[in-house]
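Undergrad: Each chain, letter by letter, is given below.
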Amino acid sequence: MSTHAAILKHPLRVRMFHYFLVLSFIPLAATGVALFLKPFSEAAMNLLMRVHVIAGMVLTLDAAAFFVLALDRVVLFTKRAFTFGLNDVKWFAVLGGYPQKFLLRKKVPVPPMGKYNSGQKLFGACILVGGILLIGTGLSLWLFPHVIPHALAKAFGDIHLIAGLFLTLFLLVHIFLGIYMFDDFKAMFLHGRIPYEEAAEVAPLWVQGEIVALTDRS
Amino acid sequence: MSAEEYQYIENPMSVSRREFLSISGALIALTALPAAVVRRMAVKRNDYIRARTAGLYKDDTNAKVRVSHANQGVSRLYQDFLGNPLSEVSEELLHTRYIDRSRAMA
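Respectively, the protein sequence lines represent chains W and D. The first sequence: position 119 = 116 (the working numbering), numbered continuously. The second sequence: position 39 = 40 (the working numbering), numbered continuously.
Chain W on its own, in the form it takes in the complex (with noise of 0.2 Å):
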């Protein structure tokens, strides 16, 4: 096997799926908070408000072209991320080996994961269901909230909130775990693709089980 070798871990649609998440959620975390702690004038606080919703739309649309045109992709992601098993108790046992690689400079067995690691597959789940969750009650409370009920529009707003923070919370792990896996920051934002070894080093169930050569297809 030629050390040179690389997996399209990444193809184009989900790319052009994650730059548009790029650009919609950052945005929405940023007014959200700010929306929530209300720091600014309300001049200010209302040009924030049009960026969010303008922001959101572009989240709502970007995850229905998503769904539609990628469906197999989402079912896969669904079942990766829904998948939990013996290794994960273990993985979140060590966390990953992060801490003790961060802190302790030390390296700890992990167990071999699938494509995504247990903390990216709760991550995913969260993302799956909080996504839902955010883009459900934002567009109901934007395009009709004079005809829901007012204690629903209020849990409405309630679950944006929890679910908005929360996710939030996520993404600054996100973004500081994504640029630590350069090959993989990489792979998502220009070109797709992981030296074949890497992947088999940090992803060894994925690349036995799920992993074919081109050649193979032929």
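No wet-lab data here; the hints were simulated from the structure. Even for Gly, the Cβ is constructed at its ideal location relative to N, Cα and C. Accuracy of the hints is not assured; some may be wrong.
Covered stretches of chain D (in silico footprint by chain W; criterion: 3 or more residues with CB under 8 Å from a CB of chain W, positions within the stretch not fixed) [stated by the list, open to error]:
| hint | stretch |
| --- | --- |
| 1 | 14 to 21 |
| 2 | 30 to 40 |
Take a look, some chain W residues computed to stay more than 10 Å from chain D by CB distance [claimed, not checked]:
| hint | residue |
| --- | --- |
| 3 | 16 |
| 4 | 58 |
| 5 | 84 |
| 6 | 103 |
| 7 | 195 |
Add chain D to chain W, keeping to what the hints say.
TA: Same frame as chain W, but now just chain D:
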């Protein structure tokens, strides 16, 4: 490594047909069912608004005095106390202005 250079891909058959149908069905249900529930609640709320509107029209039809300027009590109030509509006193007592109470409400 050139732009299109990769030798391996994910096996597109790593999800079985049964898994594909059950997961996509669950996702569609997860998004469609709450939408249906919200729609039903909104329609029910509109029923209430329509009933209330009909009640107000009915009250109006039955009322002897239907417009404020024909209300003798209001006429006397202006005559004896407020002066005329938009007078300084009526402006002070009857008009309001917008106050942002969102912090207090929270």
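Undergrad: Count the residues of the stretch 14 to 21 of chain D with a beta-carbon closer than 8 Å to any beta-carbon of chain W: does the count reach three?
TA: holds (count 4)
Undergrad: Please confirm whether residue 58 of chain W is truly not at the interface, meaning its C-beta sits more than 10 Å away from all C-beta atoms of chain D.
TA: Check passes; 15 Å lies beyond 10 Å.
Undergrad: Evaluate the condition: distance from the CB of residue 103 of chain W to the nearest CB of chain D exceeds 10 Å.
TA: holds (32 Å)
Undergrad: Counting residues of the stretch 30 to 40 of chain D whose CB is closer than 8 Å to a CB in chain W, do you get three or more?
TA: holds (count 5)
Undergrad: Is it correct that the beta-carbon of residue 84 of chain W has no partner in chain D closer than or equal to 10 Å?
TA: Answer for residue 84 of chain W: holds, closest chain D Cβ roughly 18 Å.
Undergrad: Measuring Cβ to Cβ, find out whether residue 16 of chain W lies farther than 10 Å from everything in chain D.
TA: Non-interface label on residue 16 of chain W holds, nearest chain D Cβ at 17 Å vs cutoff 10 Å.
Undergrad: Can we confirm that no CB of chain D comes within 10 Å of the CB of residue 195 of chain W?
TA: holds (12 Å)
Of the numbered hints given earlier, the model fails none.
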